[in-house]
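Protein sequence lines correspond, in order, to chains A and B. If you use our numbering, the first sequence corresponds to residues 14 to 92, in order. If you use our numbering, the second sequence corresponds to residues 312 to 1025, in order.
The set of hints was computed from the structure by calculation and includes no laboratory data. Fair warning: this is a prediction, and the values are worked out from it, not measured in the lab. Treat the hints loosely; a few may be bogus.
[Claimed, not checked] Dumping the calculated SDA-like pairs for lysine to any residue here, alpha-carbon to alpha-carbon at most 20 Å:
1. K430/B x L76/A
2. K369/B x S28/A
3. K529/B x T461/B
4. K902/B x E956/B
5. K828/B x G804/B
6. K32/A x K378/B
7. K378/B x Q54/A
8. K728/B x Q748/B
9. K341/B x Q54/A
10. K378/B x E37/A
11. K378/B x I38/A
12. K778/B x E956/B
13. K554/B x Q781/B
14. K776/B x G645/B
15. K32/A x R367/B
16. K554/B x K778/B
17. K74/A x K529/B
18. K330/B x A419/B
19. K430/B x E77/A
[Unchecked claim] Footprint (simulated), chain A over chain B, 3 or more residues, beta carbon under 8 Å:
20. 393-400
21. 970-980
Backbone N, C-alpha and C define an ideal beta-carbon position, used for all residues, glycine too.
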Amino acid sequence: MEKNEILTQVKDVVSNVLKVDATEISDDSNFIFDLGADSMQSVELVAGFEEEFDIEMDQDKALEIQTIQDAVNFITEYL
Amino acid sequence: MKELRQLRQENLETIFHPKSVAIVGTNNVKGTVPHDILYNILKADFNGIVYPVSPREKSIKGIKAYKYVVDIPDDVDLAILVFPSSVCHMALEQCGQKGIKSVIIISAGYKEVGEAGLKREQQLIEIARKYDMSFIGPNCLGVINTAPETRLDASFAREMPDQGNIGFLSQSGALCTAVLDYASAKHIGFSKFISFGNKADISEIDLLFYLMNDEETKVILMYLEEVSDGLALMDAAREVIEKSGKPILIIKSGRTDEGASAAASHTGSLTGADEVCDAGFEQAGIIRCDNLEEMFNRARAFAYQPPPETEKVAIITNAGGPGVLTTDAAISRGLKLAKFSEETTAILKKALPATANINNPVDVIGDARSDRYLAAIQAAFDDQDVSGVFVILTPQSMTDIDTIAADVARIAEGQTKPIYTSFMGEKDVASGIDILQRHKIPHYILPESMCDAYKAVYHFNKNVKDKVHQLPSLDNIQGELARKLMDKVKSNGRSYIPEVECIEVLGSYGLPAPQGKLATTAEEAVQIAEKIGYPVVMKVVSDDIIHKSDVKGVELNLGSADEVKDAWERIHSNALSAMPDATITGLYVIKMVKGAEEIILGIKRDPSFGPVLLFGLGGIFVEVFKDVSFGVAPLSREDAMHMLEQTKAYKILKGTRGRNPRDMDSIVDALLRLGQLAVDFPEIEELDINPLFVLDEGQGCVLGDARMILTTTE
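Chain A on its own, in the form it takes in the complex:
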């Protein structure tokens, strides 16, 4: 899967989980600082990524991900 494709899907998941307009999400958006994710939503994001990409991520490491770009890089390792 191309990185651009992963990026688009990651943004879709984030937009759905955080209820944020996709246009407000940039590649370096921070889930908490820029998009206002709370701790519950961070867990939901991990679950969303796993479902979207059909992968099972290391939960502890996944929860340390802070930005869209970090998420893309992390997910790439599982694909």
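Start from chain A and add chain B according to the hints.
For chain B alone, kept in the frame of chain A given last:
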């Protein structure tokens, strides 16, 4: 360092008196810290502009919210960060870019959670330095300023306290909420209320200096869990008390004695961290309190009433038993009962029934109503020998409790003498106590607490407030020689320095060395003994032997050449049979001192307060009797004398039961010199002088034995 202190003072002024506040990371979710902080600021009627900053919300509580702090079009004085710790540094960076200098970081997840948190905390400090910002926190409850022109409740406490003249600082946020609840029930108001959390930037010392200049604050209270820099805290406290006359009351929790048990010297094993803290606080004029009740009992006395001129009080009671209890409590705390003038007793005789006791303590009798109390209180206030009035009340069927409380409050107005009360009981006296508390009349459940509070205020005003901390100038200190000797003893990597060399070092600082010398042969020992005169003492000298008496390595009262030669053989034989591998350098031959008092002096280095001095009655049972006192070096002459006065040994040294008074000035001088040595040579980890022989008054003292432990991680 001074610049940073100045910067923090300027930024603290904005923290307490901002014209505009941004709450960065807030939200719309009730019951969460980010929400409740904003809510409290609004609820307190803050006299300024509030800017919610939230990544997601467009508005909060009807106020437009900004996505980033840099989006706010106006200047912002104070930012309160409530983001999770993982992104707080990003918010702080933006605050710096926005030109905000004053910040409160509420968020937890820093030093208190371990290494990763410590790194995050360091990051915050670096950002703050880059932009000349100062911040309180992280990991704190927040800050409250009750001044009407500001009314800032930047905390997530349940209620904003009343305005008052007590400044409260706490390292623990949770304790703050308990204190606020306690204070609310007793109508205790605060000027400033500050939870400073991890004190990563602004510390309790900065806050002490701020409250020193804060006109709203009359009394400073603090709860501390760790004293990071004891000497800095002592210096700050001295400055605050000297310049402002404000009392500082501190609860320092954690009264454990880590490290003392493993110490290699008497001083080390006797000097616990808590004793050092006690000594340091007392030297600096800080009033240490054991618990919140004691702290607020004293604080109310300081905050509500004028200080007493003398220790003489009048007790007005409607019951004999409580009067006696109060008298006992007063006398046992060093207070005195005032002696009424004839005029006062005449007034009391006229105003009170024949069965009343018109002498101090005045018993207005069980059926007394407010008129009798008022007459007695007024007479006591007017008596020149009275410096303070204690009013005791027990609830009897005819006692008009509320009226008496209201009248006590009224009569206390404008008085230059303090009045304290104890309405004894609970349910029936509750409304009366409430009246007293609302009118800022100190009330105490127990007469003992009342007397303790009076004593604390009296002692502070008489002995502490105007005390000048002046270090003495000491002559006959040969610093260069001491340095050379110290370099020499350190040269072979030893950490334990035995008697002979230790006494040489002490001698270079003007401490009186004994007459004597190291002998390496029996013949040489005899020569030395002949020269200094009999009787002599001989002691084994070996780097391997710390406790000489344990190996029978000391012989006293040797009166001839033959005794010296015999002792030479015995000491060698004893030492080598106890420690066959020990290398014996020789024997130390010194003049025997007779008829002197033996005391111990010592140095121990405390991780927080630095060099600590010990004084006590000496001898081999010093650790059994533990009649010792402590002081943080360098000492003033008064500090050193106070160390002596604190022990039971003081009475012995003063001369008791026909014994001559000893030369206490020489002990004070020895303590001052030892303190200077400890300050000048931080490599001295522990030092024992045991014994120091103290001769009769005017004849000085002589070092008996000494040893030193140097730090191995210089």
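Do the hints match the structure? See the list:
Restraint check for K430/B and L76/A: satisfied, since their Cα atoms lie roughly 19 Å apart, inside the 20 Å limit. Taking the CA atoms of K369/B and S28/A, the gap is about 17 Å. The hint holds against a cut of 20 Å. Between K529/B and T461/B the alpha-carbon distance is near 19 Å, which keeps this suggested pair within the 20 Å criterion. Annotation: proposed proximity of K902/B to E956/B is violated, straight-line Cα distance about 30 Å (limit 20 Å).
Using a Cα cut-off of 20 Å, the hinted pair K828/B and G804/B is violated, with the two alpha carbons roughly 24 Å apart. A hinted pair counts as satisfied when its Cα atoms are at most 20 Å apart, and K32/A with K378/B qualifies at roughly 15 Å. As the CA atoms of K378/B and Q54/A are separated by approximately 18 Å, the hinted pair is consistent with the 20 Å bound. With a C-alpha separation of about 18 Å, the suggested pair K728/B and Q748/B falls inside the 20 Å cut-off, and the hint holds.
About 17 Å separates the Cα atoms of K341/B and Q54/A, which keeps this hinted pair within 20 Å; it holds. With a CA separation close to 11 Å, the supplied pair K378/B and E37/A stays within the 20 Å bound. At most 20 Å may separate the alpha-carbon atoms for a hinted pair to count; K378/B and I38/A meet this at roughly 13 Å. At roughly 17 Å between alpha-carbon atoms, K778/B and E956/B fall within 20 Å of each other, so this suggested pair holds.
With a C-alpha separation of about 15 Å, the suggested pairing of K554/B with Q781/B holds against the 20 Å cut-off. The suggested pairing of K776/B with G645/B holds, with an alpha-carbon distance near 19 Å, which does not exceed 20 Å. For a cut-off of 20 Å, the pair hint linking K32/A to R367/B stands: about 9 Å separates their Cα positions. At roughly 11 Å between alpha-carbon atoms, K554/B and K778/B fall within 20 Å of each other, so this suggested pair holds.
A threshold of 20 Å between alpha carbons decides the hint, and for K74/A with K529/B the separation of about 52 Å lies outside it, so the pair is violated. Simply put, K330/B and A419/B have alpha-carbon atoms about 26 Å apart, too far for the 20 Å limit, and the pair is violated. As the CA atoms of K430/B and E77/A are separated by approximately 15 Å, the hinted pair is consistent with the 20 Å bound. Counting residues of the segment 393-400 of chain B whose beta carbon lies closer than 8 Å to any beta carbon of chain A gives 4, which meets the minimum of three for the stated coverage.
Counting residues of the segment 970-980 of chain B whose CB falls under 8 Å from any CB of chain A gives 0; the rule of at least 3 is not met.
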